[in-house]
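Student: Protein chains in written order, with the working numbering: chain R, 1 to 360; chain C, 1 to 76; chain W, 1 to 261.
No lab work stands behind these hints: they were computed from the structure. Treat the hints with caution; some may be incorrect.
Stated by the list, open to error - Taking lysine to aspartate or glutamate pairs in the DMTMM-like style, the calculated list, with each CA pair at most 25 Å apart, reads: (1) W:Lys256 with W:Glu176; (2) R:Lys209 with W:Asp20; (3) C:Lys3 with C:Glu50; (4) C:Lys73 with W:Asp10; (5) W:Lys210 with W:Glu50; (6) R:Lys162 with R:Glu241; (7) R:Lys209 with W:Glu50; (8) R:Lys162 with R:Glu256; (9) W:Lys261 with W:Asp99; (10) R:Lys228 with R:Glu239; (11) R:Lys209 with W:Asp56; (12) C:Lys72 with W:Asp10; (13) C:Lys72 with W:Glu9; (14) R:Lys199 with W:Asp20; (15) C:Lys47 with W:Glu9; (16) C:Lys3 with W:Glu9; (17) R:Lys209 with W:Asp53; (18) R:Lys129 with R:Glu242; (19) R:Lys297 with R:Glu253; (20) R:Lys354 with R:Glu239; (21) R:Lys236 with R:Glu220; (22) C:Lys47 with W:Asp20.
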Amino acid sequence: MGELKLMKGNEAIAEAAIREGADGYFGYPITPQSEVIEYFAAQQPEERTGMVLLQAESEIAAINMIYGAAGAGKKVMTSSSSPGISLKQEGLTYIAGAELPCLILNVVRGGPGLGTIQPSQSDYFQAVKGGGHGDYHLIVLAPSSVQEMYDFVETGFDLAFKYRNPTMILSDGAIGQMMEKVEIGEQKPRMTEQEIREKYPWATTGKTKDRERNVITSLELDSSKMEKFNRKLIDKYREIEEKEVRYEEIQVEDAEYLLIAYGTTSRICEKVVQLAREEGIKLGLLRPITLFPFPKKRLDELSGQVKGMLSVEMSAGQMVEDVRLAVNGKVQVEYYGRMGGIIPSAEEIVDALKQKFIGG
Amino acid sequence: MAKVTGRIVVDTERCKGCAVCVPSCPFDVIALADEVNSKGFHYAYMKNPEACTGCTNCALVCPDAVIKVFRKKVTA
Amino acid sequence: MAEQQITSEDIIQEENLVFDRTSLLTDNVFHYCPGCGHGVVHRVLMEIIEELDVQDKAIGIAPVGCSVLAYNYMDIDMQEAAHGRAPALATGIKRTMPDKYVFTYQGDGDLAAIGTAETIHACNRGENIAIIFINNGIYGMTGGQMAPTTLEKMKSSTTPYGRNIQQMGNPLKITELVAQLPGTCYVTRQVVHTPAGVRKTKRAIRNAFKYQQEERGLSFIEVVSNCNSGWKMSPNQANKWLEENMLPYYPTGDLKKPEDK
Numbered sequence: 001m002g003e004l005k006l007m008k009g010n011e012a013i014a015e016a017a018i019r020e021g022a023d024g025y026f027g028y029p030i031t032p033q034s035e036v037i038e039y040f041a042a043q044q045p046e047e048r049t050g051m052v053l054l055q056a057e058s059e060i061a062a063i064n065m066i067y068g069a070a071g072a073g074k075k076v077m078t079s080s081s082s083p084g085i086s087l088k089q090e091g092l093t094y095i096a097g098a099e100l101p102c103l104i105l106n107v108v109r110g111g112p113g114l115g116t117i118q119p120s121q122s123d124y125f126q127a128v129k130g131g132g133h134g135d136y137h138l139i140v141l142a143p144s145s146v147q148e149m150y151d152f153v154e155t156g157f158d159l160a161f162k163y164r165n166p167t168m169i170l171s172d173g174a175i176g177q178m179m180e181k182v183e184i185g186e187q188k189p190r191m192t193e194q195e196i197r198e199k200y201p202w203a204t205t206g207k208t209k210d211r212e213r214n215v216i217t218s219l220e221l222d223s224s225k226m227e228k229f230n231r232k233l234i235d236k237y238r239e240i241e242e243k244e245v246r247y248e249e250i251q252v253e254d255a256e257y258l259l260i261a262y263g264t265t266s267r268i269c270e271k272v273v274q275l276a277r278e279e280g281i282k283l284g285l286l287r288p289i290t291l292f293p294f295p296k297k298r299l300d301e302l303s304g305q306v307k308g309m310l311s312v313e314m315s316a317g318q319m320v321e322d323v324r325l326a327v328n329g330k331v332q333v334e335y336y337g338r339m340g341g342i343i344p345s346a347e348e349i350v351d352a353l354k355q356k357f358i359g360g
Numbered sequence: 001m002a003k004v005t006g007r008i009v010v011d012t013e014r015c016k017g018c019a020v021c022v023p024s025c026p027f028d029v030i031a032l033a034d035e036v037n038s039k040g041f042h043y044a045y046m047k048n049p050e051a052c053t054g055c056t057n058c059a060l061v062c063p064d065a066v067i068k069v070f071r072k073k074v075t076a
Numbered sequence: 001m002a003e004q005q006i007t008s009e010d011i012i013q014e015e016n017l018v019f020d021r022t023s024l025l026t027d028n029v030f031h032y033c034p035g036c037g038h039g040v041v042h043r044v045l046m047e048i049i050e051e052l053d054v055q056d057k058a059i060g061i062a063p064v065g066c067s068v069l070a071y072n073y074m075d076i077d078m079q080e081a082a083h084g085r086a087p088a089l090a091t092g093i094k095r096t097m098p099d100k101y102v103f104t105y106q107g108d109g110d111l112a113a114i115g116t117a118e119t120i121h122a123c124n125r126g127e128n129i130a131i132i133f134i135n136n137g138i139y140g141m142t143g144g145q146m147a148p149t150t151l152e153k154m155k156s157s158t159t160p161y162g163r164n165i166q167q168m169g170n171p172l173k174i175t176e177l178v179a180q181l182p183g184t185c186y187v188t189r190q191v192v193h194t195p196a197g198v199r200k201t202k203r204a205i206r207n208a209f210k211y212q213q214e215e216r217g218l219s220f221i222e223v224v225s226n227c228n229s230g231w232k233m234s235p236n237q238a239n240k241w242l243e244e245n246m247l248p249y250y251p252t253g254d255l256k257k258p259e260d261k
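Construct the complete structure from the given sequences, taking the supplied hints into account.
Tutor: Here it is, written out as structure tokens:
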């Protein structure tokens, strides 16, 4: 077992990035995730591994610094919270269109607008549906603990480079701010330029005589070529949906009712399962770990087993749309959630479950 | 006495006939042809080749990099 | 006399070649309008990279605007930025690969309107990059709309009766602005419509690469250029108009130059 540390979720992300051998972090402060850049600054990653740290003038600049460095084959990340992620959407659609790997952390707070600095899950749509203009997807990972904040840095970079696609870690203010023990991994070396040239021949490392020039762009003025590229992207997303779905099941085997919840609400829902079972209700929990790709197939299978599904979210009901699409009317699907930065209690979720499905 | 003489070679198919080279020439060597290339442009040509010194002015201002310049020293 | 017998064939020989298209320009025909200054700046830039023998170390950033497809012509690794964000991309590349020569190539709308924040802050941080800024006082690609650098009373498709200063503000001298910042080491304004101007622009770009190699900070080269299509003039009329109207407001010369090392 590796070294154990007590850390905030926001700190765990930063430590993981340094140990993962990341080449750069470019960010802009925003509550509730400013500890990410503060932790980096205190750690002096330039000294530890040579990793670049830069506080940009805006979220827009930060994501475009990521765009540049990612185009050069570098392992780079940024982080922000909801209003800042809205600003980054321009850069993200270019990065997705140029098929570049990178990691983005979103420590979600409530909206719309300036909203609240309290935790929320109301960025589900802007995370899983593309977010910016054009047909594209991010790969979206939803951690429910500080340990997963740490672990998903490696997973996120691996998926990003495997598919040449930006990956978002969709967290929230609660997981970003909470402290838990974390098992820390070994320090990995950063890649050398030679390794990058060999492993990522598409990267703008400087044109040598033995290859054509590399161009990173999302522009294609020939409609037939553009449509061909759109289809290529769709094929990639289908492959990701085939191969990369991750979820966790809790007491689903004999479940008659099913909760679907990710991140912070999934932690509450574990308690809900326990409380409901004490009352004789056979309740299970499916926790999507990847939100794109969404565990559609598994939910479809479970639609033949359970009498009802309840999507529990700290939003006005966003993920519930994907649950309904997954089961396609085969089972009753309901939503329960709180907004404005309120985390629902286990008891109120039990009540909602009974009211919506069992009566009384 | 040494004297230099020059010639230019215009890639007439790539020339867009913008005529920016024409006033750049200190010796009034260049003009646009009456004929057009396959794109329909009246391309640049040497109407007065003997006056060319190979100074490269035309090539310097050519926006399409279609002018090659040759220069030779001639001893009298 | 010997010179009278000399023929064109005698002169047009490989050993007499004094000017040829640099091999770092690809064979693609520029999509620019006839007479446009972009082609000259592209060529001069590639000549410098060829002369310094740094093709394998040069990374260029193309903007959004007429030169959005600059990577079709420059035979080096390049990235295409979102509108105005080229200095941010260049920052990301240069910070993670400090031994490369990184430059942006941007127009006036890209650099001085939508990308003002990225421009100012890259300059202020003193990023070791070069910014090549083409100012023709108009949005060329989208069809001749007003740019931040459009002159007072100058007509464009969005100022059909001329730019009204009360309503639209003054033409932005962003080059003078960035010259104030300690992060810029070299700030200069040049032209490419005359042979002398092209020679000086080439020297300026060579300087910018030298300073980058010496880690002196950001080099900012404005090239005042034409847009004969947008200005609705012939190329030579446009160049004359440039001299009579653009240059009095945007005078050429060095605004800032470091001591030689």
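Student: Could you work out which of the previously given hints the structure breaks and list their numbers from low to high?
Tutor: 8, 14 and 20
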